[in-house]
Amino acid sequence: GAVVSQHPSWVICKSGTSVKIECRSLDFQATTMFWYRQFPKQSLMLMATSNEGSKATYEQGVEKDKFLINHASLTLSTLTVTSAHPEDSSFYICSARPGHTKSYEQYFGPGTRLTVT
Amino acid sequence: KNEVEQSPQNLTAQEGEFITINCSYSVGISALHWLQQHPGGGIVSLFMLSSGKKKHGRLIATINIQEKHSSLHITASHPRDSAVYICAVRIQGAQKLVFGQGTRLTINP
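Chain order of the listed sequences is A and B. With this note's numbering applied, the first sequence has no gaps in its numbers, which climb one by one up to 1328 at the end. With this note's numbering applied, the second sequence has no gaps in its numbers, which climb one by one up to 128 at the end.
Read the hints as simulated data drawn from the structure, not as lab findings. Source: prediction; values computed, not measured. For each residue, glycine too, the CB sits at the ideal point set by N, CA and C. It cannot be assumed that every hint is accurate.
Unchecked claim - Straight-line distance between alpha carbons at most 16 Å, and here's what the computed EDC-like set of lysine to aspartate or glutamate pairs gives: (1) A:Lys1277 with A:Glu1263; (2) B:Lys87 with B:Glu34; (3) B:Lys73 with A:Glu1270; (4) B:Lys115 with A:Glu1298; (5) B:Lys115 with A:Asp1299.
To be verified - Sample of chain B residues with no beta-carbon within 12 Å of chain A, all distances over it, derived: (6) Gln33; (7) Glu36; (8) Ile48; (9) Lys115; (10) Gly121.
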């Protein structure tokens, strides 16, 4: 089956620093990638949708200058949390949708646990 | 009211029991996903349905488009099935998924 990887799987950073999370589709081309965050015992919350080669579309309430998303290729999207604060500590998950038409399939990465101290 | 509602929120059963998790939604959809999330956090896509029924091993997923309802069944449940099961729908005309709150399943040996 289709595989999506994330790197790193966990990261600890100090307040005020930036951290980059990578999401890769390993065996398919993903024209669309999604970034979610999940707080403990809560469901996934969509942060943004990114289409290859264009600017990401952010959900209401998500600061685009704080959560920078780049989808420069059909297999890689990155999420950069800038000037991280402890309240940004969360579980970040990406998913990717194959590029062929009429596909509703979506494959999820294993997630990245971010802790900001 | 959430667009996607799951029941029950929590379910504890004994090994071997037949498990049913329900998902109801209130919008027109193009597809429905059942996802599994283990305590470590990673999400596995179990099924994607737009009609009818799918089976994979001990897992069966059904959907009734007219009634806006889907069920996930687990036969001969095992402790390793313990996880959070999440129903997510793709609203017609949209790219993003709308998620249910999840059902936390615990199977005791």
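Here is what the structure says about each hint:
1. Annotation: proposed proximity of A:Lys1277 to A:Glu1263 is violated, straight-line Cα distance about 20 Å (limit 16 Å).
2. Taking the CA atoms of B:Lys87 and B:Glu34, the gap is near 30 Å; set against the 16 Å cutoff, the hint is violated.
3. Annotation: proposed proximity of B:Lys73 to A:Glu1270 is violated, straight-line Cα distance about 32 Å (limit 16 Å).
4. A threshold of 16 Å between alpha carbons decides the hint, and for B:Lys115 with A:Glu1298 the separation of about 25 Å lies outside it, so the pair is violated.
5. Proposed proximity of B:Lys115 and A:Asp1299 is contradicted: the alpha carbons are some 22 Å apart, above 16 Å.
6. Distance check on B:Gln33: its Cβ is at least 24 Å (rounded) from any Cβ of chain A, clearing the 12 Å threshold; non-interface status holds.
7. Listed as outside the interface, B:Glu36 is consistent with that label: its C-beta sits roughly 24 Å from the nearest C-beta of chain A, beyond the 12 Å cut-off.
8. Here B:Ile48 does not stay apart from chain A, with its beta-carbon only about 10 Å from theirs, under the 12 Å limit.
9. For B:Lys115, the requirement that its beta carbon stay farther than 12 Å from each beta carbon of chain A is not met, with the minimum near 5 Å.
10. Not every C-beta of chain A lies more than 12 Å from that of B:Gly121, the closest at about 6 Å, which undercuts listing it as non-interface.
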